[in-house]
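These protein sequence lines are chains F and D, in that order.
If you're matching positions, the first sequence starts at 1 in this note's numbering and goes up one per residue.
If you're matching positions, the second sequence starts at 310 in this note's numbering and goes up one per residue.
The set of hints was computed from the structure by calculation and includes no laboratory data.
Beta carbons are placed, not taken as given, at the ideal position from N, Cα and C, and that holds for glycine.
Treat the hints with caution; some may be incorrect.
Said to hold, decoys possible - Computed footprint of chain F on chain D; a stretch qualifies when at least three of its residues, placed anywhere within it, have a C-beta under 8 Å from a C-beta of chain F: (1) 403 to 409; (2) 432 to 443; (3) 470 to 480; (4) 509 to 517; (5) 520 to 530; (6) 618 to 624; (7) 705 to 711.
To be verified - Each pair of labels, with its calculated beta carbon distance range: (8) F:Thr84 / D:Ile319: 50 to 56 Å; (9) F:Phe305 / D:Asn368: 40 to 46 Å; (10) F:Thr84 / D:Glu805: 27 to 33 Å; (11) D:Pro434 / F:Phe305: 44 to 50 Å; (12) D:Asn368 / F:Gly174: 50 to 56 Å; (13) F:Leu309 / D:Phe601: 21 to 27 Å; (14) F:Val114 / D:Gly646: 41 to 47 Å; (15) F:Ala91 / D:Trp644: 54 to 60 Å; (16) F:Thr84 / D:Lys454: 41 to 47 Å; (17) F:Ala91 / D:Ala629: 52 to 58 Å; (18) F:Lys200 / D:Ile623: 54 to 60 Å; (19) F:Gly221 / D:Asp685: 49 to 55 Å; (20) F:Trp173 / D:Ala629: 49 to 55 Å.
Unchecked claim - Here chain D is said to cover these stretches of chain F; the calculated rule only asks that three of the stretch's residues, wherever they fall, bring their Cβ under 8 Å from a Cβ of chain D: (21) 32 to 39; (22) 119 to 125; (23) 130 to 143.
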Amino acid sequence: MKENTENTGKPTNYYVPEQSNLPIIGSVGLFVLVLGAGNFIQGTTDTVSQKEGSLPEFMASMGPYVLTLGLLIVFYLMYKWWSTAARESMANMNSAQLDRSYRQGMLWFITSEVMFFAAFFGALWYARVMIVPWLGGEGNNAMTHALLWPDFNAIWPVTTTPDGTTTQAMGPWGLPAINTAILLTSSWTLTIAHHALIDKNRPTLILFTWITAFLGVIFLGLQAYEYYHAYTDLGLTLGSGIYGNTFFMLTGFHGLHVTIGTIFLIVLSIRCSKGHFTPENHFAYEAGAWYWHFVDVVWLFLFVFVYAL
Amino acid sequence: MAHGHHPTGIKRWLFTTNHKDIGSMYLWFSFTMFLIGGAMALGIRLELFQPGLQFWEPNFFNTLTTMHGLIMVFGAVMPAFVGLANWLIPMQIGAPDMALPRMNNFSFWILPFAFTLLLLSLVTPLFPDGAPNFGWTFYAPLSTKFGPASTDFFIFGVHLMGISSIMGAINVIVTVMNMRAPGMSLMKMPMFVWTWVITAFLLIMVMPVLAGAVTMMLTDRHFGTSFFDAAGGGDPVMFQHIFWFFGHPEVYIMILPAFGIASHIIPTFSRKPLFGYASMVYATASIAFLSFVVWAHHMFTVGMPVAGELYFMIATMIIAVPTGVKIFNWVATMWQGSITFETPMLFALAFVVLFTLGGVSGVMLAMTPVDKQYHDTYFVVAHFHYVLFPGAIFGTIAAVYYWLPKWTGNMYNETLGKVHFWFSIIAVNLTFFPMHFSGLAGMQRRVPDYNMMFEGFNQLSSIGAFMLGFSQLLFLYLVINCIRGGKGKATDRVWEGAEGLEFTHLPSPAPYHSFEQAPEVK
Numbered sequence: 001m002k003e004n005t006e007n008t009g010k011p012t013n014y015y016v017p018e019q020s021n022l023p024i025i026g027s028v029g030l031f032v033l034v035l036g037a038g039n040f041i042q043g044t045t046d047t048v049s050q051k052e053g054s055l056p057e058f059m060a061s062m063g064p065y066v067l068t069l070g071l072l073i074v075f076y077l078m079y080k081w082w083s084t085a086a087r088e089s090m091a092n093m094n095s096a097q098l099d100r101s102y103r104q105g106m107l108w109f110i111t112s113e114v115m116f117f118a119a120f121f122g123a124l125w126y127a128r129v130m131i132v133p134w135l136g137g138e139g140n141n142a143m144t145h146a147l148l149w150p151d152f153n154a155i156w157p158v159t160t161t162p163d164g165t166t167t168q169a170m171g172p173w174g175l176p177a178i179n180t181a182i183l184l185t186s187s188w189t190l191t192i193a194h195h196a197l198i199d200k201n202r203p204t205l206i207l208f209t210w211i212t213a214f215l216g217v218i219f220l221g222l223q224a225y226e227y228y229h230a231y232t233d234l235g236l237t238l239g240s241g242i243y244g245n246t247f248f249m250l251t252g253f254h255g256l257h258v259t260i261g262t263i264f265l266i267v268l269s270i271r272c273s274k275g276h277f278t279p280e281n282h283f284a285y286e287a288g289a290w291y292w293h294f295v296d297v298v299w300l301f302l303f304v305f306v307y308a309l
Numbered sequence: 310m311a312h313g314h315h316p317t318g319i320k321r322w323l324f325t326t327n328h329k330d331i332g333s334m335y336l337w338f339s340f341t342m343f344l345i346g347g348a349m350a351l352g353i354r355l356e357l358f359q360p361g362l363q364f365w366e367p368n369f370f371n372t373l374t375t376m377h378g379l380i381m382v383f384g385a386v387m388p389a390f391v392g393l394a395n396w397l398i399p400m401q402i403g404a405p406d407m408a409l410p411r412m413n414n415f416s417f418w419i420l421p422f423a424f425t426l427l428l429l430s431l432v433t434p435l436f437p438d439g440a441p442n443f444g445w446t447f448y449a450p451l452s453t454k455f456g457p458a459s460t461d462f463f464i465f466g467v468h469l470m471g472i473s474s475i476m477g478a479i480n481v482i483v484t485v486m487n488m489r490a491p492g493m494s495l496m497k498m499p500m501f502v503w504t505w506v507i508t509a510f511l512l513i514m515v516m517p518v519l520a521g522a523v524t525m526m527l528t529d530r531h532f533g534t535s536f537f538d539a540a541g542g543g544d545p546v547m548f549q550h551i552f553w554f555f556g557h558p559e560v561y562i563m564i565l566p567a568f569g570i571a572s573h574i575i576p577t578f579s580r581k582p583l584f585g586y587a588s589m590v591y592a593t594a595s596i597a598f599l600s601f602v603v604w605a606h607h608m609f610t611v612g613m614p615v616a617g618e619l620y621f622m623i624a625t626m627i628i629a630v631p632t633g634v635k636i637f638n639w640v641a642t643m644w645q646g647s648i649t650f651e652t653p654m655l656f657a658l659a660f661v662v663l664f665t666l667g668g669v670s671g672v673m674l675a676m677t678p679v680d681k682q683y684h685d686t687y688f689v690v691a692h693f694h695y696v697l698f699p700g701a702i703f704g705t706i707a708a709v710y711y712w713l714p715k716w717t718g719n720m721y722n723e724t725l726g727k728v729h730f731w732f733s734i735i736a737v738n739l740t741f742f743p744m745h746f747s748g749l750a751g752m753q754r755r756v757p758d759y760n761m762m763f764e765g766f767n768q769l770s771s772i773g774a775f776m777l778g779f780s781q782l783l784f785l786y787l788v789i790n791c792i793r794g795g796k797g798k799a800t801d802r803v804w805e806g807a808e809g810l811e812f813t814h815l816p817s818p819a820p821y822h823s824f825e826q827a828p829e830v831k
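If we strip away everything but chain F, and leave its shape as in the complex, we get:
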């Protein structure tokens, strides 16, 4: 954390926004969203037994509509909130101090995202280092193996689970390696664009921001194809035991973040074309760049621990 040495001015012009209806819209939106999501999940999976004509059954049938409504409110909120923030920034309402607040806030948000991925990486490492050897009888677990799952072969990737579900593993070379190259390239193109922004080179800025977003789209396309290949050719699904679980949860949440980052970059490209950013005032651009680099670094960890090792 940067030591607060330059905080010697008079922070009396700190912009405290007027009353805003955005937070309450967002809260209602999130509530409707998760209410719908819960009912949708319960309605589409068979884990919950519901009597015909009962209230839970009705709620489950409403799930898709409530979920859609919730998504619409949340998307509206995001558009509204960030366009408000962008307008305030371009109206020069933000002091240098508020700019620092936004930057630090974004860094801490990315920190929290890192910890979200840490939970799933933790699950992966715990499974590889602890669970699988134990199920194979290591340590004091010889009887677990001998009595419960004598046929279980403790190898990673777990291509045959203790209860006998089988799958094939996804190799690292091929699509994953190409995707690694694409993401690394995209970080490079984004840095070129960022330097162009600082050097007031608008054409390069716009071009390379679009290129970066385009590389994100290609990555997502290849990832979708890889999933299709996994499901149809390899028999590797989300339900294929711990290997499939960690594979799809980690790459899936990463893919979700790439999607968010790509949308972020597309919005930034449009804003670049409209001339929203100056070399001095472009917090949104930097936030997007930081987010993209974060997504890139997560992928490197994925490539090493999910695919290669």
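Since chain F is already given, all that's left is putting chain D on it; use the hints.
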């Protein structure tokens, strides 16, 4: 900046960007949840007054213990501290408001919706198989394979609470790092601010991990994954590891701000500066760091390798060192002080003594061999209620008495405040002290029935619990009475020995926007 314009009515609260309004909403929300969670605790104590089953079906009893824990942890204690942070941090660092005011209001307003979602699970027509009943720790497979339908809504409720906590924590850190008055270097910050910065860091680090844990629960329940199922190559014990990686820092999230509060109140009423300020800061940071590396002491009985148990035992005991530093600093602050015993001081003293008691039973629980006896007994219940009720809750109550005159401009009724204190402290010990004995004798937690021989201890606990619960209504009356005028006007300094920008630089009641001009801190 909004000058002199005071919005009124419901819009003031729904649309506000003011740290004081948001702080008030957090505190009232917290108190409401405190009463709901408290009513559930009384339901538990009612059943446990006698052995045998009198009032509730066993499953509903499990629901009561689960919901009581969840509501108190996520609904009462955490929002209470966020409310205090909102009220106090801008005033204490000389800022006009929190750094990100709109996000501040967003993080509050998510909470009532999240708890509506959680409490909906108690509505039988919606959830015929009942509310969450697997304990507030929601261990797999109880919560995955055997969880009722309402578990999914509980999962999403936890997601919402996490979003709220992370946004609140980001706001606190950014405010403190970026909004301090000129001259207020890090090592001149008030202790409450320090403890909250560290708490916010813990929140940012562990709330996402909790979100990950409940997400894996959701996919295990509905999408065919087997993270917590050995048949698919997972492990239910892994749930406990992930949960407690969140859960142990979480218990410090629920106590560090109370440490900060005690570090303000004790110096004021001892009329001496805080002893060992720097060591207090470093001790708090050490506790926070250690909280990340001790989580498996909650799981000594699951069958970890012995080396793991040894490590987690020793690491856990090390926490007693920085905690001891804090306790001795508070005692040294009082040493040769000119002490008076106003209500905040009484609660702060009770906090120091009774929190220490809970801490010491924690050291006992940290010992692996003995924990194998204590695990899941009422001894554990006694331990964590001693650190939570006289710790976190007394800390919050002390803070409210201490700063209420500054917030409202009025003095509360000191006599009734003392009555509230004495009822609370007698009742809290009557409720939780006998649990040590019943636990050591082998009474298990989370069971609605028990052996005849525990009846005496349980009856004491139940009588104490009702006394404790109802004496908090006196607190409610005192706060409302104070807001409406109380015992006359408070001075700007409020307390003779009070230090800090909020007492020395702001009038009572504090203005709507704290510092329009940044004060100079020498």
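Hint-by-hint comparison with the structure:
no., hint, verdict
1, 403 to 409, "holds (count 5)"
2, 432 to 443, "holds (count 4)"
3, 470 to 480, "holds (count 5)"
4, 509 to 517, "holds (count 5)"
5, 520 to 530, "holds (count 8)"
6, 618 to 624, "violated (count 0)"
7, 705 to 711, "violated (count 0)"
8, F:Thr84 / D:Ile319: 50 to 56 Å, "violated (22 Å)"
9, F:Phe305 / D:Asn368: 40 to 46 Å, "holds (42 Å)"
10, F:Thr84 / D:Glu805: 27 to 33 Å, "violated (47 Å)"
11, D:Pro434 / F:Phe305: 44 to 50 Å, "holds (47 Å)"
12, D:Asn368 / F:Gly174: 50 to 56 Å, "holds (52 Å)"
13, F:Leu309 / D:Phe601: 21 to 27 Å, "holds (25 Å)"
14, F:Val114 / D:Gly646: 41 to 47 Å, "holds (45 Å)"
15, F:Ala91 / D:Trp644: 54 to 60 Å, "holds (57 Å)"
16, F:Thr84 / D:Lys454: 41 to 47 Å, "holds (45 Å)"
17, F:Ala91 / D:Ala629: 52 to 58 Å, "holds (54 Å)"
18, F:Lys200 / D:Ile623: 54 to 60 Å, "holds (59 Å)"
19, F:Gly221 / D:Asp685: 49 to 55 Å, "holds (51 Å)"
20, F:Trp173 / D:Ala629: 49 to 55 Å, "holds (52 Å)"
21, 32 to 39, "holds (count 4)"
22, 119 to 125, "holds (count 4)"
23, 130 to 143, "holds (count 7)"
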